Amino acid sequence: MVRTPALYINVLVVAVCGLVYELLAGTLASYVLGDSVTQFSLVIGLYLSAMGVGAWLSGYIDTHPARAFIEVEIAVGLLGGLSAPLLFLSFTKQFWFHPILYAVVFGIGVLVGLELPLLMRILRDHLNFKDLVSRALAIDYIGALVASLLFPLLLVPQLGLIRTSLLFGILNAGIALWGTWALEPLLSRGLTGMRGRAGFVILLLVVGLIKSEYLTSLAEDGLYADPIVFAESSPYQRIVITSSTAGFQLFLNGNLQFSSADEYRYHEALVHPVLSAAVGPRRVLVLGGGDGLALREILRYKSVEHVTLVDLDPAMTGLTKKFPPLANLNGNSFSDPRVTVVNQDAMIWLEASGEPFDAAIVDFPDPNNYALGKLYTTRLYRLLARRLTPNAPVSVQCTSPLFARQSYWCIIRTLEAAGFQVRPYQIAVPSFGVWGFALASRRPVELPSVLPDNLRFLDSATLKAMFVFSVDTGPVPVEINRLDNQSLVHYYESEWKHWN
Amino acid sequence: MPKGWTRREMLGVVLGAPLLAGCQGQPPAAKCEGEIVGPNYVLGHRVRDGAAVVPPADHWRRASVVIVGGGVAGLSAAWRLERAGFHDYVLLELEKAPGGTSRSGQSARVAFPWGAHYLPAPLKENGPLIELLDEMNVLEGRDADGQPVVAEQFLCRDPQERIFYRGRWYEGLYLHAGASAADLAELQAFNAEIAKWVAWRDGKGRRAFALPVSAGSDDVEVTELDQLSMAQWLDRKAFTSPRLRWLVDYACRDDYGLRAEQTSAWAGLFYFASRVAKPGGEARPLMTWPEGNGRLVRHLYEAVKDRVQLGTAVVELIPRREQDADRVDVVTLSADGAAWGWHAEQVIFAAPQFVAPHVIRPFRSERPKHVAAFEYGSWLVANLTRTSDVPDRGCPVAWDNVLYDSLGLGYVSATFQRGFDYGPAQWTYFFPFCDEHPKAARQKLLTLDWAACAELVLGDLQRAHPAIRTEVDRLDVMRWGHAMIRPRPGFIWGPERRAAQQPYRGIHFANTDLSGIALFEEAFYHGQRAAGEVLAAQGWKTILTPSSFAPHR
Numbered sequence: 001m002v003r004t005p006a007l008y009i010n011v012l013v014v015a016v017c018g019l020v021y022e023l024l025a026g027t028l029a030s031y032v033l034g035d036s037v038t039q040f041s042l043v044i045g046l047y048l049s050a051m052g053v054g055a056w057l058s059g060y061i062d063t064h065p066a067r068a069f070i071e072v073e074i075a076v077g078l079l080g081g082l083s084a085p086l087l088f089l090s091f092t093k094q095f096w097f098h099p100i101l102y103a104v105v106f107g108i109g110v111l112v113g114l115e116l117p118l119l120m121r122i123l124r125d126h127l128n129f130k131d132l133v134s135r136a137l138a139i140d141y142i143g144a145l146v147a148s149l150l151f152p153l154l155l156v157p158q159l160g161l162i163r164t165s166l167l168f169g170i171l172n173a174g175i176a177l178w179g180t181w182a183l184e185p186l187l188s189r190g191l192t193g194m195r196g197r198a199g200f201v202i203l204l205l206v207v208g209l210i211k212s213e214y215l216t217s218l219a220e221d222g223l224y225a226d227p228i229v230f231a232e233s234s235p236y237q238r239i240v241i242t243s244s245t246a247g248f249q250l251f252l253n254g255n256l257q258f259s260s261a262d263e264y265r266y267h268e269a270l271v272h273p274v275l276s277a278a279v280g281p282r283r284v285l286v287l288g289g290g291d292g293l294a295l296r297e298i299l300r301y302k303s304v305e306h307v308t309l310v311d312l313d314p315a316m317t318g319l320t321k322k323f324p325p326l327a328n329l330n331g332n333s334f335s336d337p338r339v340t341v342v343n344q345d346a347m348i349w350l351e352a353s354g355e356p357f358d359a360a361i362v363d364f365p366d367p368n369n370y371a372l373g374k375l376y377t378t379r380l381y382r383l384l385a386r387r388l389t390p391n392a393p394v395s396v397q398c399t400s401p402l403f404a405r406q407s408y409w410c411i412i413r414t415l416e417a418a419g420f421q422v423r424p425y426q427i428a429v430p431s432f433g434v435w436g437f438a439l440a441s442r443r444p445v446e447l448p449s450v451l452p453d454n455l456r457f458l459d460s461a462t463l464k465a466m467f468v469f470s471v472d473t474g475p476v477p478v479e480i481n482r483l484d485n486q487s488l489v490h491y492y493e494s495e496w497k498h499w500n
Numbered sequence: 001m002p003k004g005w006t007r008r009e010m011l012g013v014v015l016g017a018p019l020l021a022g023c024q025g026q027p028p029a030a031k032c033e034g035e036i037v038g039p040n041y042v043l044g045h046r047v048r049d050g051a052a053v054v055p056p057a058d059h060w061r062r063a064s065v066v067i068v069g070g071g072v073a074g075l076s077a078a079w080r081l082e083r084a085g086f087h088d089y090v091l092l093e094l095e096k097a098p099g100g101t102s103r104s105g106q107s108a109r110v111a112f113p114w115g116a117h118y119l120p121a122p123l124k125e126n127g128p129l130i131e132l133l134d135e136m137n138v139l140e141g142r143d144a145d146g147q148p149v150v151a152e153q154f155l156c157r158d159p160q161e162r163i164f165y166r167g168r169w170y171e172g173l174y175l176h177a178g179a180s181a182a183d184l185a186e187l188q189a190f191n192a193e194i195a196k197w198v199a200w201r202d203g204k205g206r207r208a209f210a211l212p213v214s215a216g217s218d219d220v221e222v223t224e225l226d227q228l229s230m231a232q233w234l235d236r237k238a239f240t241s242p243r244l245r246w247l248v249d250y251a252c253r254d255d256y257g258l259r260a261e262q263t264s265a266w267a268g269l270f271y272f273a274s275r276v277a278k279p280g281g282e283a284r285p286l287m288t289w290p291e292g293n294g295r296l297v298r299h300l301y302e303a304v305k306d307r308v309q310l311g312t313a314v315v316e317l318i319p320r321r322e323q324d325a326d327r328v329d330v331v332t333l334s335a336d337g338a339a340w341g342w343h344a345e346q347v348i349f350a351a352p353q354f355v356a357p358h359v360i361r362p363f364r365s366e367r368p369k370h371v372a373a374f375e376y377g378s379w380l381v382a383n384l385t386r387t388s389d390v391p392d393r394g395c396p397v398a399w400d401n402v403l404y405d406s407l408g409l410g411y412v413s414a415t416f417q418r419g420f421d422y423g424p425a426q427w428t429y430f431f432p433f434c435d436e437h438p439k440a441a442r443q444k445l446l447t448l449d450w451a452a453c454a455e456l457v458l459g460d461l462q463r464a465h466p467a468i469r470t471e472v473d474r475l476d477v478m479r480w481g482h483a484m485i486r487p488r489p490g491f492i493w494g495p496e497r498r499a500a501q502q503p504y505r506g507i508h509f510a511n512t513d514l515s516g517i518a519l520f521e522e523a524f525y526h527g528q529r530a531a532g533e534v535l536a537a538q539g540w541k542t543i544l545t546p547s548s549f550a551p552h553r
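Protein chains in written order, with my numbering: chain A, 1 to 500; chain B, 1 to 553.
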């Protein structure tokens, strides 16, 4: 004898699970692809139509609806349970994400669409048609309400997307396993096989649940405040672009490099003091700066005939091709015939010799490891000096004099130890906070009186103000950063610890 | 695999029983390419076996001075002769490349060492060495105390050392992680002992431990340390902290190829105290190059190479009298089997002492007593290219990478020192055979074929780099049968070392083994000294003045 109330619980669980998978897919799609209205609309539409396909297909199952129901439950458990991990892991594969997303949504939709018709056929023998339809559908809609409340209030904040997905997969497979007993009178044979499959799916998902920390770390869930719109791992670093209402943000190894909303402040401050101080610079060197944004500012100068940009990572200097909004932002600077890109470690490149440069811009990521700390040493600055004309000015991004005061002054003093005369300056960049630079040259540097037209941030009054430091950002005693002591990396680590 | 050895037996013998516990089951064999490279045992063993070689009459030439051996001592002697303006000499080297145990190799990406790989910045008193470094443009001036300042690109890049312990890398060589208050107190007390010896001066104002050794004190308070082993010295001072004892034992293995129990306490303390200028101060910074001391060799060789013959074995030195003066006939054999001879007025014998009884004719019949006291350790050195750069747990790669639970010494990274932070890495791995009996160790080493050597290296590294077997695409091996002189207790201040330094019938000896320790500074010093001796014998106004080797203050 099959117990009817138990089967109602079945309907409820199935309904909750079905909607949870739909919400998961919609949320993930809008995380990754941005534009949540479109993504939710597409996912819901596809999902509902797939359910229709499932319902229609159920008509082709002539015999053994109970057996089919259990097999479908096992399949929903497997596919639904793994849906979020699978989608998270394909985040970074831009090409694959869309096909995988829609295949997963469609597949789950078809399976969920099969569930209710099959269940109703199982219950048919115990109820008259009127009661069956009213109760089954009522419970189904109540399940939807439960899911829509649980999902934002409990599941996402408490469990996160991956664990929610795995947990509901276990519920589905659990229903299947339980069903092999509850529906035993309707299942003639093959019980062991079904139990084995259900047990295997449960085991797989439980293992996934236990290892969910690891899955999450692979998937960078929670690492970024805004949805990821691009991600790529190069041999050198992890490149991630997120998108928010304010624009897009570039992260290298999880560290913000710029936000399109306020990068103009940073790049105008990095480029114009040095290039305006160099009178009519013809040959300009950029170390780092693979986003091409400093190039955009450099190319404003009519006198500039040639720019060499040395950035280790071809994935960075080629990013504009894969992520067109960056090309818009940097004004297609890499396509300018005056620009030559060299993908090499800057220090190794500097060891070679060549025609000297009239100005240089040093824009490396912050020194948070030894490989980067090397690029802020007296050795690098001395090698740089060899590649410059005697009067050439240099600007250097120097991290924050507020958040990392010792680090900032360590870079300043290191430049001085390498024979440069340095004029420290700082600005406010909302995405970063107070940010510091150095204007340096082996001859005394005059502040420029003329700046290019049409700048958004700098004018001559602002320029003067940048060279004033507040009490809490002023000089502190520091060691010189050398290859053989890497003092800067140690300062940087200890200082940023306070703020992160 | 050597005949009659199973892999387990081989690893058991080489690595010692405790490590074998971790090698249960058959590890997969190394899949990478590689070979055993030099040294030239065929020609070398012909010398040892006293090949009878008689050059035909028209194969004899003359040179005022013949230098036997193109390692650091021989090259340094030649370099000194060149600088003195004395060019009538020839340097004969058995191997096809100069440098001895300081030689280097070259991969597609970077040069790498095959042996000695660093030189501490000298103290200001070591005039001749500073002269060499100045000539190489390695120094950029002197500091306020007059100590030479080394340009940063020639110093060891930071982090200098890291140590692997229980699944994680830690910065530094002393294992600070998990050290108890008692451990740290002992470390401090040990450093205080070292500071005491750094400050110590004898009646003549000489340091207890100086570089070169000959500039240090021979006061009995210092020399009696040579009667103890380093382990006994630690016992007497009641140092029991396992971490401290590990550090000291590592230092002995690293510098001398001996355990602390086997090392003279004088030599053990020398390691810690000779490189510190002032009590409590930092040790002098290490100079190094991607190819290690191969860079120093290259510079010396470039200066003298017009008068160097490589691939030439000296098979016999025949002292004779001519018009009341000592003369030496030098018989050589080149790789093509041709025998040549040199009539020389003086010979600088810049090969190790163990070679002398095979080569110097009167020594063949009457072996000098002092030779037997010179003991040499065997080392296995491997150079490997690791293609993966998966980040390690804990401290990232350093120049010197040491495994706490290993009898190997770990590896130095040439790519790190070159400044390559990404892509394939070039590592040089060192394994000293610290056996009690050097001859047995040597025989053991020479029975290891390439696969067995690769197994030793990869099996050891696997503990810190679990996937290393699949990450290495080339692994070459050098088996050094006589890698380094071993400063066992009693040897440094025993009579044999002094006896061996005495010139013999026109033959002047110059090799690092005469100092009892294998260091660039010592080989260089003996090269300078022997060059000074032959210049004096030639009646040459020597450029070297006694003050060149001023006592260290």
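Among the clues, some could well be false.
Derived lysine to aspartate or glutamate pairs resembling DMTMM-like cross-links, with alpha carbons at most 25 angstroms apart [what the hints assert, rightly or not]:
#1 A:Lys497 with B:Glu152
#2 B:Lys369 with B:Glu193
#3 A:Lys497 with B:Glu171
#4 A:Lys322 with A:Asp336
#5 B:Lys278 with B:Glu345
#6 A:Lys211 with A:Glu232
#7 B:Lys124 with B:Glu152
#8 A:Lys464 with A:Glu416
#9 A:Lys211 with B:Glu152
#10 A:Lys302 with A:Asp459
#11 B:Lys278 with A:Glu479
To be clear, the hints were calculated from the coordinates, so they are not data collected in a lab.
All figures in this text were calculated on a predicted structure; none of them were measured in a lab.
We went through each hint and held it up to the structure:
no.: 1; hint: A:Lys497 with B:Glu152; result: 29 angstroms, violated
no.: 2; hint: B:Lys369 with B:Glu193; result: 36 angstroms, violated
no.: 3; hint: A:Lys497 with B:Glu171; result: 19 angstroms, holds
no.: 4; hint: A:Lys322 with A:Asp336; result: 18 angstroms, holds
no.: 5; hint: B:Lys278 with B:Glu345; result: 45 angstroms, violated
no.: 6; hint: A:Lys211 with A:Glu232; result: 24 angstroms, holds
no.: 7; hint: B:Lys124 with B:Glu152; result: 18 angstroms, holds
no.: 8; hint: A:Lys464 with A:Glu416; result: 21 angstroms, holds
no.: 9; hint: A:Lys211 with B:Glu152; result: 46 angstroms, violated
no.: 10; hint: A:Lys302 with A:Asp459; result: 19 angstroms, holds
no.: 11; hint: B:Lys278 with A:Glu479; result: 21 angstroms, holds
Hint compliance for this structure: hints 1, 2, 5, 9 are broken, all remaining hints hold.
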